[in-house]
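Number of protein chains: 2
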Amino acid sequence: MVLSFLSLGRLPEIRAGDDLAGSIAEAAPPDLSGDDVIAVAHKVVSKAEGRTVRLAEVRPGTRARALAAELGKDPRVVEVVLADCTELVRAERGVLICRTRHGLVCANAGVDASNAAAADEVVLLPLDPDASARRLRTGVAAACGVAPAILVTDSFGRAWRVGQADVAIGAAGLVALDDWRGRAGARGRELRATAIAAADAAAAAADLARGKDSHEPAVLVRGLERLVTRDDGPGAAALRRPPEEDLFR
Amino acid sequence: MVLSFLSLGRLPEIRAGDDLAGSIAEAAPPDLSGDDVIAVAHKVVSKAEGRTVRLAEVRPGTRARALAAELGKDPRVVEVVLADCTELVRAERGVLICRTRHGLVCANAGVDASNAAAADEVVLLPLDPDASARRLRTGVAAACGVAPAILVTDSFGRAWRVGQADVAIGAAGLVALDDWRGRAGARGRELRATAIAAADAAAAAADLARGKDSHEPAVLVRGLERLVTRDDGPGAAALRRPPEEDLFR
Chain A
2 MVLSFLSLGR
12 LPEIRAGDDL
22 AGSIAEAAPP
32 DLSGDDVIAV
42 AHKVVSKAEG
52 RTVRLAEVRP
62 GTRARALAAE
72 LGKDPRVVEV
82 VLADCTELVR
92 AERGVLICRT
102 RHGLVCANAG
112 VDASNAAAAD
122 EVVLLPLDPD
132 ASARRLRTGV
142 AAACGVAPAI
152 LVTDSFGRAW
162 RVGQADVAIG
172 AAGLVALDDW
182 RGRAGARGRE
192 LRATAIAAAD
202 AAAAAADLAR
212 GKDSHEPAVL
222 VRGLERLVTR
232 DDGPGAAALR
242 RPPEEDLFR
Chain B
2 MVLSFLSLGR
12 LPEIRAGDDL
22 AGSIAEAAPP
32 DLSGDDVIAV
42 AHKVVSKAEG
52 RTVRLAEVRP
62 GTRARALAAE
72 LGKDPRVVEV
82 VLADCTELVR
92 AERGVLICRT
102 RHGLVCANAG
112 VDASNAAAAD
122 EVVLLPLDPD
132 ASARRLRTGV
142 AAACGVAPAI
152 LVTDSFGRAW
162 RVGQADVAIG
172 AAGLVALDDW
182 RGRAGARGRE
192 LRATAIAAAD
202 AAAAAADLAR
212 GKDSHEPAVL
222 VRGLERLVTR
232 DDGPGAAALR
242 RPPEEDLFR
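Here the protein sequences come in this chain order: A and B. When you read off a place in the first sequence, starting at 1, and then add 1, the result is the number in this note's numbering. When you read off a place in the second sequence, starting at 1, and then add 1, the result is the number in this note's numbering.
These are computed hints drawn from the structure, not numbers from a lab. Treat the hints with caution; some may be incorrect.
Identical chains share a label here; the pair holds if one copy fits it or two copies do between them.
[Unchecked claim] Calculated lysine to any residue pairs in the SDA-like style (CA-CA distance at most 20 Å, straight line):
hint, residue 1, residue 2
1, Lys74, Leu248
2, Lys74, Arg182
3, Lys74, Arg64
4, Lys74, Arg55
5, Lys74, Ala57
6, Lys74, Pro244
7, Lys74, Glu246
8, Lys74, Asp129
9, Lys74, Asp19
10, Lys74, Asp85
11, Lys74, Thr195
12, Lys74, Glu93
13, Lys74, Gly10
14, Lys74, Arg136
Turn these sequences into a full structure, and let the hints steer you where they fit.
And the structure:
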């Protein structure tokens, strides 16, 4: 079995309302199949959905100003972060670790100032990344006649490891969590704690297949057909640990 | 650029003192190159290095017995875990999150009862996984005449995400952390926090390329030649966040 990751190359600059699914379909190879997976960096998804904010239009409130002063951040960015955040998990040493409205735990609620179209613009996470993935899947299917699974990805830091790795914040048509619990191990012993975050693993490697300094948001992933489903399924929500199971609040 | 992952298939059962590098070299394709990477599941590395413990020979101490009772675990396993552990980060709800002697933060200090050769045997992490990777690289080079980079991997849980993903606990000849900080982004804007945990991303996807219930510890990774170095380099140590930067102790 070979697993492969191929960047679909540079897509045109995406703006609010643009047909991102159409752009992806155009960039996809002619032999695109319903067994394939396409991993899409969330920034173009967010931009197409209009999930950007101009900082000039943000009025930071009292809490944002206080936190910004404490952490050495732009109070307008902190205001935008707080608006997308249901809980501050940590706010220290210049870092804001947030639980987002989606239940994701990440720095700055995923709000990102890099790769925005304008210098004073920040890009937010999609409102519902699983729904974004489903819409992209439908759109690609309409354009190509085949419905590859879709991942919407973002780069997350890790609590105890240096550097970032992409994870799947949205998914449609891929079993995000490949759950082997209860199945027998190689020697017949039960695998007691083996549930593989397959969508995150695919997202992480997809990020290696594109140049970080070029506009290559979409990566074709082949070899995961055993995890591709006709139904869109529960999406990447399956990978979000519920707050009540969080040992690190 | 295509990134690909190919399982090298079933290796013979590995026992203490066995020539794992020789087995990997034999399983590798004839066109193996010094631009390639081979990701190896740590369990076979640990077994070859004799890093296994028979539970019948373990005498749990007072602390291990108390923790085991509290968490519903085998006191002998807890004794083995504590011996490899410099700090208990969390011990609750049946879970032991440890900082290991290597500075890795993971469940049970990486001590694993699944896939051991005997029912009462547990497999520990290698004493120095970067050194293990270097030795394997030297051994494969001796057998094949080319020195692919080597990753030693383990499956880690994540604080806020469900499921496990493989990470690189050891590395030789691969730039584990692809650090773009300070380089210009696509629009000339500085990427302020982009250091990609490339070795972890490769480890995670390598795990998708092999069947979890079969003996396929080694996966050939192609397409990362830009990160492969002639020198063994700093290894996966570059990915361990120092305790003083840990916000979640």
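Verification of the hints:
In the homo-oligomer, the alpha carbons of Lys74 and Leu248 lie at most 20 Å apart only across protomers (18 Å), although the nearest pairing inside one protomer, at 28 Å, exceeds that limit. Taking the shortest alpha-carbon separations for Lys74 and Arg182, only the inter-copy value of 18 Å comes in at or below 20 Å, while the best intra-copy value is 43 Å. Within a single copy, Lys74 and Arg64 get their C-alpha atoms as close as 13 Å, which meets the 20 Å cut-off; across copies the closest is 44 Å, which misses it. For the identical chains of this complex, Lys74 and Arg55 are intra-copy neighbours only, at 16 Å inside a copy versus 53 Å across copies, given an alpha-carbon limit of 20 Å.
Only within a single protomer do Lys74 and Ala57 lie at most 20 Å apart by alpha-carbon distance; the minimum there is 15 Å, versus 56 Å between protomers. For the homomeric pair Lys74 and Pro244, neither the shortest alpha-carbon distance inside one copy (27 Å) nor that between copies (24 Å) is at most 20 Å. Taking identical chains as interchangeable, the C-alpha atoms of Lys74 and Glu246 lie at most 20 Å apart only when they sit on different chains, with a minimum of 19 Å there against 30 Å within one chain. When the C-alpha separation of Lys74 and Asp129 is checked against a cutoff of 20 Å, the pair qualifies neither within a copy, at 27 Å, nor between copies, at 39 Å.
Neither within a single protomer nor between protomers do Lys74 and Asp19 lie at most 20 Å apart by alpha-carbon distance, with minima of 32 Å and 55 Å respectively. Proximity of Lys74 to Asp85 under the C-alpha cut-off of 20 Å is restricted to the intra-copy arrangement: shortest distance 17 Å within a copy versus 40 Å between copies. In the homo-oligomer, the alpha carbons of Lys74 and Thr195 lie at most 20 Å apart only across protomers (18 Å), although the nearest pairing inside one protomer, at 40 Å, exceeds that limit. Taking CA atoms no more than 20 Å apart as the test, Lys74 paired with Glu93 passes inside one copy only; the shortest distance there is 11 Å, against 35 Å between copies.
Taking identical chains as interchangeable, the C-alpha atoms of Lys74 and Gly10 are never at most 20 Å apart, the minima being 34 Å within one chain and 50 Å between chains. For a Cα distance limit of 20 Å, the shortest separation of Lys74 from Arg136 qualifies neither inside one copy, at 35 Å, nor across copies, at 45 Å.
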